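S.K.: Sequence:
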Amino acid sequence: MLDTPTDALSSVVALLKPRPSVAKRVEASGQWQVERTDMASPFYAAIVEGRCRLTVRGRAEVLLQAGDFVLIPDLHGFTMCSEIPPPAGVARLPIETGPGTFRLGSAETPVDLRALVGHCRFAAAGRALLLSLLPEMIHLSGHDRLMALVPAIHEETRSDRPARGMILERLLEVLMIEALRSSPGPERSPGLLRGLSDPRLAAALQRIHTDTAGALSVATLARDAGMSRSSFYERFQHALGCAPMEYVTAWRMAVARDLLLRGGLTNGEIAERVGYGSASAFGLAFARHEGVSPGVFAARNTGAGALPDHRGGA
1 MLDTPTDALS
11 SVVALLKPRP
21 SVAKRVEASG
31 QWQVERTDMA
41 SPFYAAIVEG
51 RCRLTVRGRA
61 EVLLQAGDFV
71 LIPDLHGFTM
81 CSEIPPPAGV
91 ARLPIETGPG
101 TFRLGSAETP
111 VDLRALVGHC
121 RFAAAGRALL
131 LSLLPEMIHL
141 SGHDRLMALV
151 PAIHEETRSD
161 RPARGMILER
171 LLEVLMIEAL
181 RSSPGPERSP
191 GLLRGLSDPR
201 LAAALQRIHT
211 DTAGALSVAT
221 LARDAGMSRS
231 SFYERFQHAL
241 GCAPMEYVTA
251 WRMAVARDLL
261 LRGGLTNGEI
271 AERVGYGSAS
281 AFGLAFARHE
291 GVSPGVFAAR
301 NTGAGALPDH
311 RGGA
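Note that this note's numbering has the sequence shown beginning at 1, numbered continuously upward.
FYI, nobody ran anything at the bench for these hints, they're computed from the structure.
Given the structure is predicted, the values throughout are model-derived calculations rather than measurements.
Take these hints with a grain of salt, some might be off.
Pairwise CB distance ranges, derived in the manner of DEER restraints [what the hints assert, rightly or not]: (1) Ala213 <-> His76: 19 to 27 Å; (2) Ala123 <-> Cys242: 18 to 26 Å; (3) Ser189 <-> Leu63: 19 to 27 Å; (4) Ile84 <-> Ala128: 37 to 45 Å; (5) Ser141 <-> Ala213: 39 to 47 Å.
Ideal Cβ placement from N, Cα and C applies to all residues, glycine included.
Could you put together the complete structure from these sequences and hints?
M.R.: Here you go:
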């Protein structure tokens, strides 16, 4: 995890905690198709050579070609096939031809598609909020830095060198940040990236994400944005899809969840870090938002409750 996130985007990726899972080199030829309906994980792919079609559940089909990169933060089902789809019933499971290398289609014809495909997982508790801030899908073409990062991840995945896990976590964080900040502005749906593309809202979002302990209000955030309260409220709601203080509370609760899972802090200390005046005020807010008390949440997710707070408060 990034140790000291200094901006809104890195703070979200840090809390998501991307962790390595699967990295594959895919080769294909002729007509082929792969379909998965049992997934619930982040997915990325870099097309090294050739062309193929990708259909994600609920979205229009996308044609991918050499130099394209795609990131789907929360993939549940997809179909990937050759540029000319095969007739019904000819789809076959990939055949593993070597460590981390899979072949699709006919083994008798020359390879006409090469791609690097990866899955990871997010170790964050309550990741739904964090994922809601991100676009459903990012599709980029000709992005040299991303196309260089994916082979580095795959090389490290296949290695058995010291600090492999830490290196992979950092590479995944960089991959996600680079993809997210490179997504086209006009195509951004309501969420964090759309808010950050607005210079005025970006100043307010920076305050929310990096000054979680501060006294935040619509008035203070509007001043950061250089706008009136009413104009700021309307603009924020349109870009982020929720009211400013609703967003503030949701982000504070995300930070609180992370602190509870790390352990070592009392509820009073966590309260100070997420902008509440007392442990009891924080406990009430957390229970309203999460449906359980901080202690119950910590016990369910770590096997240990929160530390006693001898200064009073739940």
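S.K.: Now tell me, hint by hint, if it's right for this structure.
M.R.: So, going through the hints one by one against the coordinates:
1. Ala213 <-> His76: 19 to 27 Å: 36 Å, violated
2. Ala123 <-> Cys242: 18 to 26 Å: 25 Å, holds
3. Ser189 <-> Leu63: 19 to 27 Å: Taking Cβ atoms as reference, Ser189 and Leu63 lie about 21 Å apart, which means the hint holds.
4. Ile84 <-> Ala128: 37 to 45 Å: 38 Å, holds
5. Ser141 <-> Ala213: 39 to 47 Å: Given a distance of about 41 Å, which is inside 39 to 47 Å, the answer is holds.
When held up to the earlier numbered hints, the structure conflicts with hint 1 and nothing else.
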